[in-house]
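Take these sequences, add in the hints, and give me the full structure.
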Amino acid sequence: MIRSLNILLIFTSVAMLAGVYAIKFSIEGTASERTALTEQISDQEAQLSLLKADWAVLNQPGYIDPIIKRHQEELGVVPVKQEQFGSFADLPMRPAKPDTAAMDALFQAIDEGVDPIDAILELEGIE
Amino acid sequence: MMAVTAEPLAQPIALDGTRKQRGNLTRARIRWMVLAVVLGFAVVGGRLVQLGMVVQDDTIEGQTRDAITASRPPILDRNGLEMAVDIRVPSLYAEPRRIIDVNEAVRKLRTVLPELDEKWLKDRLTGDQGFVWVQRELTPAIQDAVMRLGIPGIDFITESKRFYPGMSEASHILGSTNVDNQGIAGIERHMDRESVALLQNLGLARGNALTPVELSVDMRVQHIMHEQLVDAMTRYQAIAAAGAMMDIYTGEIIGLVSIPDFNPNEPASALVKDTFNRITSGIFEPGSTFKTVTIAGALDAGTASMSDTFDARYGVRFGRYTIDDFHGKHRILSLPEVYKYSSNIGTIRIMQTMGKEAFRAFLTRMHFDKRMEFELPEMRVPTVPKEFSEVSAATASFGHGLSVSPLHLLAAYAAFTNGGNYIEPTLYKRDVADAEKLYERVIQPQTSMAIRSLMRLNALEGSGSQMDKEALGYRVGGKTGTAEKVINGRYSNNKNTNFFASAFPLDNPRYAMVIVVDEPQPENAQSGETAGWNAGMVTGRIVQRVAPMLGIAPDFSEALDEQIVPQAIR
Numbered sequence: 001m002i003r004s005l006n007i008l009l010i011f012t013s014v015a016m017l018a019g020v021y022a023i024k025f026s027i028e029g030t031a032s033e034r035t036a037l038t039e040q041i042s043d044q045e046a047q048l049s050l051l052k053a054d055w056a057v058l059n060q061p062g063y064i065d066p067i068i069k070r071h072q073e074e075l076g077v078v079p080v081k082q083e084q085f086g087s088f089a090d091l092p093m094r095p096a097k098p099d100t101a102a103m104d105a106l107f108q109a110i111d112e113g114v115d116p117i118d119a120i121l122e123l124e125g126i127e
Numbered sequence: 001m002m003a004v005t006a007e008p009l010a011q012p013i014a015l016d017g018t019r020k021q022r023g024n025l026t027r028a029r030i031r032w033m034v035l036a037v038v039l040g041f042a043v044v045g046g047r048l049v050q051l052g053m054v055v056q057d058d059t060i061e062g063q064t065r066d067a068i069t070a071s072r073p074p075i076l077d078r079n080g081l082e083m084a085v086d087i088r089v090p091s092l093y094a095e096p097r098r099i100i101d102v103n104e105a106v107r108k109l110r111t112v113l114p115e116l117d118e119k120w121l122k123d124r125l126t127g128d129q130g131f132v133w134v135q136r137e138l139t140p141a142i143q144d145a146v147m148r149l150g151i152p153g154i155d156f157i158t159e160s161k162r163f164y165p166g167m168s169e170a171s172h173i174l175g176s177t178n179v180d181n182q183g184i185a186g187i188e189r190h191m192d193r194e195s196v197a198l199l200q201n202l203g204l205a206r207g208n209a210l211t212p213v214e215l216s217v218d219m220r221v222q223h224i225m226h227e228q229l230v231d232a233m234t235r236y237q238a239i240a241a242a243g244a245m246m247d248i249y250t251g252e253i254i255g256l257v258s259i260p261d262f263n264p265n266e267p268a269s270a271l272v273k274d275t276f277n278r279i280t281s282g283i284f285e286p287g288s289t290f291k292t293v294t295i296a297g298a299l300d301a302g303t304a305s306m307s308d309t310f311d312a313r314y315g316v317r318f319g320r321y322t323i324d325d326f327h328g329k330h331r332i333l334s335l336p337e338v339y340k341y342s343s344n345i346g347t348i349r350i351m352q353t354m355g356k357e358a359f360r361a362f363l364t365r366m367h368f369d370k371r372m373e374f375e376l377p378e379m380r381v382p383t384v385p386k387e388f389s390e391v392s393a394a395t396a397s398f399g400h401g402l403s404v405s406p407l408h409l410l411a412a413y414a415a416f417t418n419g420g421n422y423i424e425p426t427l428y429k430r431d432v433a434d435a436e437k438l439y440e441r442v443i444q445p446q447t448s449m450a451i452r453s454l455m456r457l458n459a460l461e462g463s464g465s466q467m468d469k470e471a472l473g474y475r476v477g478g479k480t481g482t483a484e485k486v487i488n489g490r491y492s493n494n495k496n497t498n499f500f501a502s503a504f505p506l507d508n509p510r511y512a513m514v515i516v517v518d519e520p521q522p523e524n525a526q527s528g529e530t531a532g533w534n535a536g537m538v539t540g541r542i543v544q545r546v547a548p549m550l551g552i553a554p555d556f557s558e559a560l561d562e563q564i565v566p567q568a569i570r
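Respectively, the protein sequence lines represent chains A and B. First residue of the first sequence? That's 1 in the working numbering, and the numbers climb one at a time after it. First residue of the second sequence? That's 1 in the working numbering, and the numbers climb one at a time after it.
Some clues are possibly wrong.
To be verified - With a straight-line cut-off of 30 Å between C-alpha atoms, the simulated DSSO-like cross-links for lysine-lysine are: (1) B:Lys495 x A:Lys52; (2) B:Lys356 x B:Lys273; (3) B:Lys386 x A:Lys69; (4) B:Lys495 x B:Lys386; (5) B:Lys469 x B:Lys370; (6) A:Lys69 x A:Lys52; (7) B:Lys469 x A:Lys81; (8) B:Lys273 x B:Lys469; (9) B:Lys469 x B:Lys495.
It should be emphasised that the hints constitute simulated quantities derived from the structure, not laboratory data.
Dropping the structure here:
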């Protein structure tokens with residue numbers, strides 16, 4: 001009885017020993033993986049910080065302005081003038097009703113082969 | 001049996017059974033085993049305690065490793081654009097006790113870093129130290145090159161470094177940091193005093209987790225101001241130019257520029273002479289811009305009104321001195337005319353209606369005689385006489401004989417135009433509700449209305465007309481100030497400090513601005529050298545560019561000006 005118990009215990013302890021070693025090695029593996037990852041993260045954070053700084057530089061008005069000035073002619077841009085601002089209030093209101101009679105007359109004229117625009121162009125000597 | 005009993009006191013032969021014998025042996029073995037196990041556990045336990053007691057040696061040249069990677073919160077402008085960020089940069093260090101051949105290491109290192117002095121480097125790398133810096137804050141490219149040299153005992157560590165993407169544009173606001181990432185000037189220094197230093201000491205300020213600090217500055221406005229003031233330096237061959245803009249309701253500083261400036265990415269450039277912040281730490285005689293203060297004081301005290309007239313026919317005599325007007329009209333002027341023609345005589349008469357004591361008290365009420373509570377550490381105390389004599393009160397009424405910083409002037413103009421509430425300027429974001437708690441009533445709302453009219457009137461018909469041409473439609477109004485500089489104790493007649501203090505859009509004012517141009521020359525033969533021609537025009541050009549950014553639409557209607565400046569005072 002005792003003998004078989006001992007044998008059992010020996011086997012169990014060997015198995016547990018093997019288990020502990022396995023865990024130890026796997027933890028060592030995980031730890032080195034972790035170190036590598038931490039390193040990678042800090043590396044990437046460093047790169048990210050540089051990229052963010054780059055992005056911040058590229059967004060500065062002080063960086064964009066000279067570029068625009070350099071390409072002013074090709075782009076055809078100039079600083080906006082006061083006269084170029086408008087508001088919705090300045091737009092004329094839509095006519096209360098479309099002028100149906102005039103439209104009908106226009107379509108009728110075109111159907112009959114008379115183009116009022118043509119007449120104007122001819123009058124101006126264009127064509 | 002007899003034989004057995006006859007044995008004289010012989011030791012009894014104890015005969016244990018084999019089972020008992022083995023049992024005893026086992027007990028002894030168990031005892032030894034227990035002892036061995038206990039000893040084993042004691043060893044393991046002792047080792048654990050020992051491991052627990054180990055203090056990790058993380059000292060690097062007197063600093064902890066945490067401190068050198070200590071980071072600072074990013075600084076953002078009011079729209080979220082980065083004004084200062086941390087970047088991680090490699091720093092080169094050496095472990096001299098691990099270096100095998102110093103001469104070889106020096107020779108190899110100098111192929112990549114030729115600017116290092118050979119003798120210095122040799123001394124640095126010789127010895128038995130565990131850690132010395134070689135060169136801090138290098139670029140990743142140099143790091144690669146040095147790593148490729150493969151010198152034992154030479155390695156890199158990543159440090160946090162402050163980087164200012166706006167370069168010199170917001171230099172005086174931001175200040176700078178030293179190599180250990182501690183603020184040494186500007187808002188960086190202020191942040192350290194507040195909280196960052198504490199966080200760094202606790203080792204908490206690491207990584208990117210810090211909440212960004214939001215400033216009140218608008219980088220677009222800052223850029224335009226910077227550009228225009230740099231332009232003014234060459235256009236008017238000035239020795240310095242400065243400007244600041246403020247939200248009159250919240251006290252937020254929208255832009256603050258002082259030229260010459262420095263590049264905060266190279267802290268050494270801040271040490272060059274004349275790069276001090278003229279808005280906060282420069283004090284100047286404010287000249288005629290101070291007439292607004294005098295008139296506001298008298299109007300508020302009720303001793304003068306908009307319809308009063310003042311005799312400006314003859315200069316005002318004080319003993320041997322006579323104070324006269326620069327563009328003299330030499331007639332009787334109404335109060336708006338005194339302002340419009342910037343009459344010294346008229347202003348003295350207006351001041352005299354309230355008396356010198358009341359005038360002096362009004363300057364205290366407008367915070368002109370104390371150091372401004374402001375985030376930037378570079379501040380100067382204004383010099384305003386404790387008590388005025390008749391003459392000094394007279395000269396003070398048109399801005400001579402006292403010196404204040406442009407920031408003082410800006411805060412006063414903000415109070416004059418916002419309805420009469422003094423609000424201390426700030427560089428941090430603040431909303432109107434928070435600002436209202438800090439309001440301090442200094443003049444009545446109706447006085448503020450009158451000052452608005454006068455300022456706009458001056459832009460329409462007075463010395464601000466050059467400015468108004470540049471910023472047509474944005475309802476800017478303001479007052480010029482051309483103050484003769486004191487050279488060797490006398491007022492010079494060809495060296496001036498020129499000011500333009502303004503507010504816009506005056507139908508519903510939102511922003512106040514002060515522009516200073518120091519010692520300007522006329523731009524060309526047709527232009528003058530008074531403030532309207534330089535500081536005024538700079539103001540106009542800045543407003544013309546920034547008003548659309550700030551959401552102010554131009555409006556050319558006459559009716560609006562009629563409403564700001566009633567016909568009665570024209």
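Status of the hints after comparison with the structure:
no., hint, verdict
1, B:Lys495 x A:Lys52, "46 Å, violated"
2, B:Lys356 x B:Lys273, "39 Å, violated"
3, B:Lys386 x A:Lys69, "52 Å, violated"
4, B:Lys495 x B:Lys386, "28 Å, holds"
5, B:Lys469 x B:Lys370, "36 Å, violated"
6, A:Lys69 x A:Lys52, "25 Å, holds"
7, B:Lys469 x A:Lys81, "12 Å, holds"
8, B:Lys273 x B:Lys469, "36 Å, violated"
9, B:Lys469 x B:Lys495, "26 Å, holds"
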